[in-house]
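Build the full structure now, drawing on both the sequences and the hints.
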Amino acid sequence: MDNFKRFLKYVFPYKSYLILSIFFNILYSLFSAMSMVSLMPMLNVLFGESERVCEEPVYKNIENLGGYLKDSLNYFVTTNTETNGPQSTLTWMVLIVLLTFLLKNLFSFLSIIYMTFLNNGVLKDIRNDVYNKVTNLPVAFFSEKRKGDLIARMTTDIATIKSAFMGVLMMIGREPLTIVFTLVAMFIISWKLTIYVLIVIPISGWIISLIGRKIKNQAGNLFALEGRLISIIEETLGGIKIIKNFTSEDYFNKTFVDSTNILNKLTNKLSIRTSSAGPMSEFMGILVISSLLWYAGNLVLVEHSLKTSAFLAYMGLAYQILTPAKAMAKANYALNAGNAASNRVQYILDAVNPLKDKIDAKVLDGFNKEIKFNNISFKYDKNTVIENFSLTIPKGKTVALVGESGSGKSTLANLVTRFYDTTKGNI
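Numbering (our numbering), first residue to last: 1 to 427.
Among the hints, erroneous ones may be present.
Each pair of labels, with its calculated beta carbon distance range [claimed, not checked]: (1) L349 x N414: 18 to 28 Å; (2) L106 x N261: 47 to 57 Å; (3) D250 x R418: 37 to 47 Å; (4) D125 x K382: 30 to 40 Å; (5) F12 x Y251: 47 to 57 Å.
Don't read these hints as lab results, they were simulated from the structure. Every value quoted in this text rests on a predicted model; they were computed, and no experiment measured them. Virtual Cβ for every residue (Gly too), placed ideally from N, Cα, C.
Now the structure itself:
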């Protein structure tokens, strides 16, 4: 999680998009709850349950705002029904419902658009930083890592981080607010039912969370295996002549098939866990709704403490909570996968370049006199390749380095171009 948080710094250059997305998400969440609440006046008219308010209500203070709005709506319904008939009132109620749903979807569209701009900008900057880092790392870094694995980190893993970013930022900016506004509306309609929901939902949420505990490790293994597969392909295409010369086709085919079989099994396991998130969330939600139907039905039919219109609107609000709950569950799984991918990308960004210039280093304008090796030594890891080697090559002279394979000829050339630093001595 800590590595994933480090990528949040890429959001700051696009904070205006983030602010706009959050703003429209707030409006979306508000109208998402209002869209269901707006059904109540229409249902009251249909069922003839509207309260008659003959005197125009007067606004007193913020504490009575809810009652004032309710009385104002009932006053409009009463006067309009008496003046123009119930059909006119029903038409007005339907128009109010249509307007709230229209605004809800408009704000949803705008929030997604600005979040997309933010997400694509973050992806661009991460790609640029990773590429810049790779091009400035020493050759030794590439000898330790397979090219295919690096390609996977720079493509697949970064794309996974993008998907996780989109899911998490949308979850933070939208889903919790939708749940909060919906719960407020539910409390206003019936506090008894809402307390019941708040007891049951955490239990179902705990059951859902059990599914995703192993996703992070499985996702990390999957990314590593995909990198290995790309490496095999890269090695095969790069050395196809050697493979054919030594008739090693069967060996490489077996290696590739073994890798794809392991990848297939791991992908299936991860897909099963990830795909089960949505259905499990929906089933648990329906289980909650079913128990809620039983309890709410008693309030309507037995206790007569809840109107039919309020009951239907409440059930719509309760079902509406399922969508953000499912989104939060999926975002949690995406976060686990994104965290595994961010670990692999962060490995590149955190790689230290050991080749650093001295503080008093001088710039060489050109090659003027000679190249001189002063008693240099060099080793790869713990294996010494060159020891106490000295040589002077005057400008304009040609020197041939002759020796058996592995004696350090290529290493000397690499030291001149400073692909590596000497262990001892200087050039």
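Checked hints:
no. : hint                    : verdict
1   : L349 x N414: 18 to 28 Å : holds, 25 Å
2   : L106 x N261: 47 to 57 Å : holds, 49 Å
3   : D250 x R418: 37 to 47 Å : holds, 42 Å
4   : D125 x K382: 30 to 40 Å : holds, 39 Å
5   : F12 x Y251: 47 to 57 Å  : holds, 50 Å
Checked against the numbered hints given earlier, the structure satisfies every one of them.
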